[in-house]
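Peer 1: Quick note, the sequences are listed as chains A and B, same order. Residue numbering for the first sequence follows my numbering, starting at 651 and increasing by one per position. Residue numbering for the second sequence follows my numbering, starting at -2 and increasing by one per position.
By construction, these hints were calculated from the structure, which means they are not laboratory data. Every value quoted in this text rests on a predicted model; they were computed, and no experiment measured them. Glycine included, every Cβ here is placed at the ideal spot set by N, Cα and C. Do not rely on the hints blindly, as some may be mistaken.
Derived lysine to aspartate or glutamate pairs resembling DMTMM-like cross-links, with alpha carbons at most 20 Å apart [unchecked claim]:
{"hint": "1", "chain 1": "B", "residue 1": "130", "chain 2": "B", "residue 2": "145"}
{"hint": "2", "chain 1": "B", "residue 1": "130", "chain 2": "B", "residue 2": "152"}
{"hint": "3", "chain 1": "B", "residue 1": "294", "chain 2": "B", "residue 2": "350"}
{"hint": "4", "chain 1": "B", "residue 1": "434", "chain 2": "B", "residue 2": "291"}
{"hint": "5", "chain 1": "B", "residue 1": "434", "chain 2": "B", "residue 2": "152"}
{"hint": "6", "chain 1": "B", "residue 1": "89", "chain 2": "B", "residue 2": "459"}
{"hint": "7", "chain 1": "B", "residue 1": "187", "chain 2": "A", "residue 2": "706"}
{"hint": "8", "chain 1": "B", "residue 1": "391", "chain 2": "B", "residue 2": "358"}
{"hint": "9", "chain 1": "B", "residue 1": "175", "chain 2": "B", "residue 2": "106"}
{"hint": "10", "chain 1": "B", "residue 1": "123", "chain 2": "A", "residue 2": "728"}
{"hint": "11", "chain 1": "B", "residue 1": "97", "chain 2": "B", "residue 2": "139"}
{"hint": "12", "chain 1": "B", "residue 1": "187", "chain 2": "A", "residue 2": "708"}
{"hint": "13", "chain 1": "B", "residue 1": "187", "chain 2": "A", "residue 2": "728"}
{"hint": "14", "chain 1": "B", "residue 1": "81", "chain 2": "B", "residue 2": "144"}
{"hint": "15", "chain 1": "B", "residue 1": "449", "chain 2": "B", "residue 2": "465"}
{"hint": "16", "chain 1": "B", "residue 1": "294", "chain 2": "B", "residue 2": "304"}
{"hint": "17", "chain 1": "B", "residue 1": "123", "chain 2": "A", "residue 2": "708"}
{"hint": "18", "chain 1": "B", "residue 1": "137", "chain 2": "B", "residue 2": "152"}
{"hint": "19", "chain 1": "B", "residue 1": "123", "chain 2": "A", "residue 2": "706"}
{"hint": "20", "chain 1": "A", "residue 1": "705", "chain 2": "B", "residue 2": "181"}
{"hint": "21", "chain 1": "B", "residue 1": "94", "chain 2": "B", "residue 2": "139"}
{"hint": "22", "chain 1": "B", "residue 1": "306", "chain 2": "B", "residue 2": "338"}
{"hint": "23", "chain 1": "B", "residue 1": "306", "chain 2": "B", "residue 2": "358"}
{"hint": "24", "chain 1": "A", "residue 1": "705", "chain 2": "B", "residue 2": "265"}
Label pairs and their in silico Cβ distance ranges [as the list claims (entries may be wrong)]:
{"hint": "25", "chain 1": "A", "residue 1": "682", "chain 2": "B", "residue 2": "221", "range": "44 to 54 Å"}
{"hint": "26", "chain 1": "B", "residue 1": "216", "chain 2": "A", "residue 2": "738", "range": "31 to 41 Å"}
{"hint": "27", "chain 1": "B", "residue 1": "88", "chain 2": "A", "residue 2": "721", "range": "51 to 61 Å"}
{"hint": "28", "chain 1": "B", "residue 1": "85", "chain 2": "A", "residue 2": "712", "range": "48 to 58 Å"}
{"hint": "29", "chain 1": "B", "residue 1": "383", "chain 2": "A", "residue 2": "682", "range": "31 to 41 Å"}
{"hint": "30", "chain 1": "A", "residue 1": "845", "chain 2": "B", "residue 2": "360", "range": "52 to 62 Å"}
{"hint": "31", "chain 1": "B", "residue 1": "389", "chain 2": "A", "residue 2": "715", "range": "32 to 42 Å"}
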Amino acid sequence: MLIARFLALRLAVAVPVVLGIVFLTFMLIRIGHQDPVAMLAGPLADASTYAMIRKELDLDRPLLQQFVTYVEHLAHGDLGRSWQGGAPVLREIVTHFPITLELVVLAVGLAAFVGIPVGIRAAMRPNGRFDQITRFGALTAFSIPTYWMGLMAILVFFYFLRWAPPPMGRVSLEVIAPPVVTGSVLVDSLISANWAAARSAAAQLVLPVACFALLAMAPIIKHTRAIAIEVFGSDYMRFARASGFSRRTLRRMALRNSLAPVLTFLGTELTSLLAAASLIEYIFSWGGLGQYGLNAILQGDFAVVQGYVLTLALFSVVVFLVVDLAVLVLEPRAQLRA
Amino acid sequence: MKLCHAVFATVLAAGLAAPAFSQQNTLVIAMTATPKGFDPDIWVPGQIESTVNVYEGLTRFGLGGGDGKRSLDFTKLEPHFAEKWTVSPDGKTYVFKLRKGVKSPFGNELSAADVVWTYEKSAWQKRTGLFMKNVDRVQKVEAIAPDEVRFTLSEPNRIFLSSLTLHIPTLFDSTEAKKHATAEDPYATKWLAANTAGYGPYHLQSVQAGQQAVFVVNPNYVFDKPFYTRVIWREVPSAATRVALVRTGQVQYAEQIPLQQIKELKSDRTVKVESVAAPGAATVRMNPKFPPFDKQKVRQAVAYATDYKAIGEAVFLGLGTRARSMLSPPIPGAIDAYHYETDYAKAKQLLAEAGLPNGFDTTLEYSTNWWWEEPLALQMQASLAQAGIRVTPKRISPAEMNARRAINSWSIPFLTHLTSGFVPDPSYTMFLTAHCKGGSNVNANCDPKLDKLIDASVAERDDARWLEIVADAQKEQADYATFVETFLPGTHEVFSACIQGYLWRPHNRLMWKDLVCRK
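Just chain B, same shape as in the assembly:
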């Protein structure tokens, strides 16, 4: 009994002495894990979430918000760390004049040599940066003056300027990084994996694996100083704990909250939920390498046998937006190309025409990469059964999913997947996800007609013609029917009630510099 009293007394004493942590300019965020690395070229958990706040590019999207809500206009490209640029008449040469006074926390000013070094580093590492360089068709990057850099492309490319908004290939402070280079590691990749050297608004102060990472503002940041000068990134792996922390004001932001709780939090006045119908659609993909999905009619039958209404209500709890194309609405040029509605009779008829009047058996593989995968797989099982398609949902680990759906493997016949891309450009997104050579093509989506349309859209410079090609490509993909487009689950970010300024960006990660707290 005495022990009980002692325990409760300690709890009570500690609890009363632990009010919400409040330092006006410190942002505390509850994240699933501390970052495993900080080199934008190397994908590891937490890297993108942190480095988008450290590294910024030569261009940026301008502000839109004609509807009264602050948002970005993805058709408006503005100079960011570049001051201006010129394009050659053939669209293959871009010359950027760098902005004056762009400095890293180490006091070094951005130069053309930094830009060249960044691309050399990515080429040497042969990872994400090199992929982006190839997508951009960048052939050569040269410093033509200390503050002028020239990009030569192998062919005109519409997405080049958009992709320069990204954090990868990014702009490193090469003067600082070179101090940590060695003969075996000429691009200081080991140092850059554990430290940051960018020109963006924040830089890493300390990290304790499994506990927390602390970022502080770059005192030399060339644009407006962010409201939050310090960001404490706490590892809180349990979603329930993250919700409790944001509700009690102990943290100002909690990431990856399940939709069931989002619905509840929307009516909670102690928190603010910001929702955007982006970045992509929850899809079920069919791999045409595997029968019976090699038959177009079978794939179309699956699309007709999907109960979209039930998925919207049971899986996305009425908070999702129906997907109508392989391109999501924020992407310019997206049209309502996906015409399938639930029609079991039509599905059965198509199956019979494909030589499968009694349906077929298949396994739908899903993982836990996204919260909706399991409920969607179960709902698909129920609805496809109505057309005689017998589905066995099978849960596999995220690691197995990532390995088997990769372009070198393509060994999953039927799987759940989220369509999304970092650059809100239709040509880029279509190339990435639906082109036979696309890096995020997870289901051996190889339709020569579609590939031809996507290739044409990448090179087309006339806007009207380009939009026509983009529309044709979306219609072709809908007919090819390897994607069952269900819903856009949306992005739902949960903040303390005082937080304002949230702005959705195509990389779908939070940028701390946007946020302010106004009580």
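Excised from the complex, chain A in its bound form:
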């Protein structure tokens, strides 16, 4: 009952937020200087062609009327068609989204798997040698531009050492890709027992996931360390230490007590990395939602940009909802607050 009420409340708040984002995206992209009509018409078109395309794209009516029509279509699950090529935006997003999700989830998972224990260990002795090395490493990883890190990874591991496969998509040209089930080549290969494709997909994932994970790991370490220092300074932890509990037990206690805020932070990381995936996808020719959205922004494909931003917004809403539910389960005090 409590969870149902909590969910209803959260959704009630999310609806106006998403609508606001839809409105802002719709207006801002049109207020800018980009004119998709000129791009579609090409340099050889005359005034009548311009007028024809403007009408086709519904750009000849007042902005607010265009917005109302867009929302009406949206309510029916119609995100429109790409203005370049005519493919339905919803279908394209459904195709591209799992590609990016696979990358982001694996990267955040790896970053959390390494970052959380490292953050807790660093917090056990603030300003100790391990803490100082960790802070330096995290700062360095955070300061390196993503695209540069990606390019260097390709240069070293693909170009010089020839260890990594060509940064050209999600599966090698040598293998037959599995039939699409989830959209993740790795998972789909495993489902269809296509081991060659699974091996190729895993290999293609290593460099982009590693680069992305390094980017995500730094703030996770920093955040976990800060929370864990607070936890280690609490009365119950001091009592546990005085009682002679082992370092391992202490770490486990700290982890459990830090988990709720760290989980909330991981949710933030997941949503922000989904939006930041464009550059990694661009460098590694990944072909996911980030690359799709970036192309649309550069080419003034309004329908796709709107769909892309809406997807990011909805993803954030869903992630935060799931995180809040997880926190409710993990921390009974949160139930009282809810």
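Starting from the structure of chain A, add chain B where the hints point.
Peer 2: Just chain B now, with coordinates in the frame of chain A:
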């Protein structure tokens, strides 16, 4: 530590198992984006690059190469999907006899009905094909026999046969296309945007947006079968990644490589760089609708205040060719008409005569349509400052640039632009870029004297007189001085070392059928 070992072990295992992809007759190309559509009438990214390999025309340019290098002779027009043609004495009626055995991958043979359907489709869509039809002055296209088609022009037109070499308006397999037509879409434009139905050497097998497109050879192609029977078009948006892929032999061709890297790749034995001084010149355009560019002396002052030497070295890294006319060298009739050299004293004198002794302030707008735009804008800022012209370079998006420079807008006073045309014909190129009604006139270039010369050149049938008019038009444009002609950046294509057969064509796109790999 264990995790690190695991990661590196995976990388190592995968890497060792991933040699260069090599199937002898498969061409893998690294392109900036997968094609967004395949209808030659609708311009979208990747469309031209793919459709020039799918659709071919009634005529073609013959091979030249008298200098020992394989090239096309743009004065030599030959029948292609036509077997022969006749022209009426008044130059307004052309009858084409179609070649026998021209078949699409669907097995349908090219007929006069296909040619008529193509022009009807373009007229219905009112896009690029219609523009070309109007440029060609085509009034009527009729099937007079199953294998004979008659074109009636409104007036004699020199560029008509040249423009039939293009992929637009092209020859569709209308029998196949009609199967996908509906009442709302009688020309199957939706189907043709996502599929191909041509008589050329390749056709589309599959496309995954953002990933790859696969083309296979047309088994019924009427001419020699291409060496590559399958082409895998991979989307690789990062130029650095494309370079790494072609250097390691993972792809046989990488498009749009920056000039800095071209210079380096020219000395790399693992790749082959083919360079041609075409298709056009990097220019800075002045829009005479906006003061002070409405004054001819101001425009000429800008041309004199341009430091051509610095641009050649700093922007084009010594790989460009100085532009000497609004027409590029491969185009017949191009002369050295652009006489401006750097002369700051002369520039200052012209400015003073124009009533601007203290120079003026202006904004030079550029985008990222071509890689050289930003460095050129910065170099122009530095050199024009020497004559007292204070330039603020302003970067705008390609979409904004395309919109504001279009003929319906003409709202950019000072901009960077590449002069080029698909048909290597002087009359066509001049009309397109410098005539007041030209589709690629981006700077309101409306000089009545020049327009008159261009109109005369389009209609002139006597070759000697025509060349005189073309030369006069180039000189007039140089004096009108709305274009600062800098350099021809050139086309630099990067291939694997084994690739041979590259042939530059006026559409400046790669034709896969030309290529072979000989190790």
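Peer 1: Each hint needs a verdict: does it hold in this structure or not?
Peer 2: Here's how the hints hold up against the structure:
1. Annotation: proposed proximity of residue 130 of chain B to residue 145 of chain B holds, straight-line Cα distance about 19 Å (limit 20 Å).
2. At roughly 13 Å between alpha-carbon atoms, residue 130 of chain B and residue 152 of chain B fall within 20 Å of each other, so this suggested pair holds.
3. Taking the CA atoms of residue 294 of chain B and residue 350 of chain B, the gap is about 7 Å. The hint holds against a cut of 20 Å.
4. Taken as a hint, the residue 434 of chain B and residue 291 of chain B pair is honoured in the structure, with Cα atoms around 19 Å apart against an allowance of 20 Å.
5. Distance hint between residue 434 of chain B and residue 152 of chain B is fulfilled; the C-alpha atoms sit about 17 Å from each other, no more than 20 Å.
6. Between residue 89 of chain B and residue 459 of chain B the CA atoms are separated by roughly 15 Å; this keeps the pair inside 20 Å, and the hint holds.
7. Our distance criterion of 20 Å between C-alpha atoms is met by residue 187 of chain B and residue 706 of chain A, whose separation comes to about 14 Å.
8. The hinted pair formed by residue 391 of chain B and residue 358 of chain B meets the criterion: a straight-line CA distance of about 13 Å does not exceed 20 Å.
9. Distance hint between residue 175 of chain B and residue 106 of chain B is fulfilled; the C-alpha atoms sit about 14 Å from each other, no more than 20 Å.
10. Taken as a hint, the residue 123 of chain B and residue 728 of chain A pair is broken in the structure, with Cα atoms around 28 Å apart against an allowance of 20 Å.
11. Annotation: proposed proximity of residue 97 of chain B to residue 139 of chain B holds, straight-line Cα distance about 19 Å (limit 20 Å).
12. For a cut-off of 20 Å, the pair hint linking residue 187 of chain B to residue 708 of chain A stands: about 18 Å separates their Cα positions.
13. For the proposed pair residue 187 of chain B and residue 728 of chain A, the alpha carbon gap of about 18 Å is at most 20 Å, so the pair holds.
14. Taking the CA atoms of residue 81 of chain B and residue 144 of chain B, the gap is about 11 Å. The hint holds against a cut of 20 Å.
15. Restraint check for residue 449 of chain B and residue 465 of chain B: the C-alpha separation of about 14 Å stays at or below 20 Å, so the hint holds.
16. Under the criterion of a C-alpha separation no larger than 20 Å, the hint pairing residue 294 of chain B with residue 304 of chain B is consistent with the structure, at around 18 Å.
17. Simply put, residue 123 of chain B and residue 708 of chain A have alpha-carbon atoms about 18 Å apart, close enough for the 20 Å limit, and the pair holds.
18. For the hint linking residue 137 of chain B to residue 152 of chain B, the alpha-carbon distance of about 12 Å falls within 20 Å, and the restraint holds.
19. Between residue 123 of chain B and residue 706 of chain A the alpha-carbon distance is near 13 Å, which keeps this suggested pair within the 20 Å criterion.
20. Under the criterion of a C-alpha separation no larger than 20 Å, the hint pairing residue 705 of chain A with residue 181 of chain B is consistent with the structure, at around 16 Å.
21. About 12 Å separates the Cα atoms of residue 94 of chain B and residue 139 of chain B, which keeps this hinted pair within 20 Å; it holds.
22. For the proposed pair residue 306 of chain B and residue 338 of chain B, the alpha carbon gap of about 9 Å is at most 20 Å, so the pair holds.
23. Our distance criterion of 20 Å between C-alpha atoms is broken by residue 306 of chain B and residue 358 of chain B, whose separation comes to about 24 Å.
24. Taken as a hint, the residue 705 of chain A and residue 265 of chain B pair is broken in the structure, with Cα atoms around 51 Å apart against an allowance of 20 Å.
25. At roughly 50 Å, the beta carbons of residue 682 of chain A and residue 221 of chain B sit within the given window of 44 to 54 Å.
26. Take residue 216 of chain B and residue 738 of chain A: their Cβ atoms lie about 33 Å apart, and the range 31 to 41 Å holds.
27. Range check, residue 88 of chain B to residue 721 of chain A: Cβ separation about 58 Å, and the 51 to 61 Å hint holds.
28. Checked against the hint of 48 to 58 Å, the pair residue 85 of chain B and residue 712 of chain A passes, with Cβ atoms roughly 53 Å apart.
29. For the pair residue 383 of chain B and residue 682 of chain A, the supplied restraint of 31 to 41 Å holds, since their beta-carbon distance comes to about 36 Å.
30. The beta-carbon spacing between residue 845 of chain A and residue 360 of chain B, approximately 60 Å, falls within the hinted interval of 52 to 62 Å.
31. For residue 389 of chain B and residue 715 of chain A, the Cβ-Cβ distance of about 38 Å falls inside the hinted range of 32 to 42 Å, so the restraint holds.
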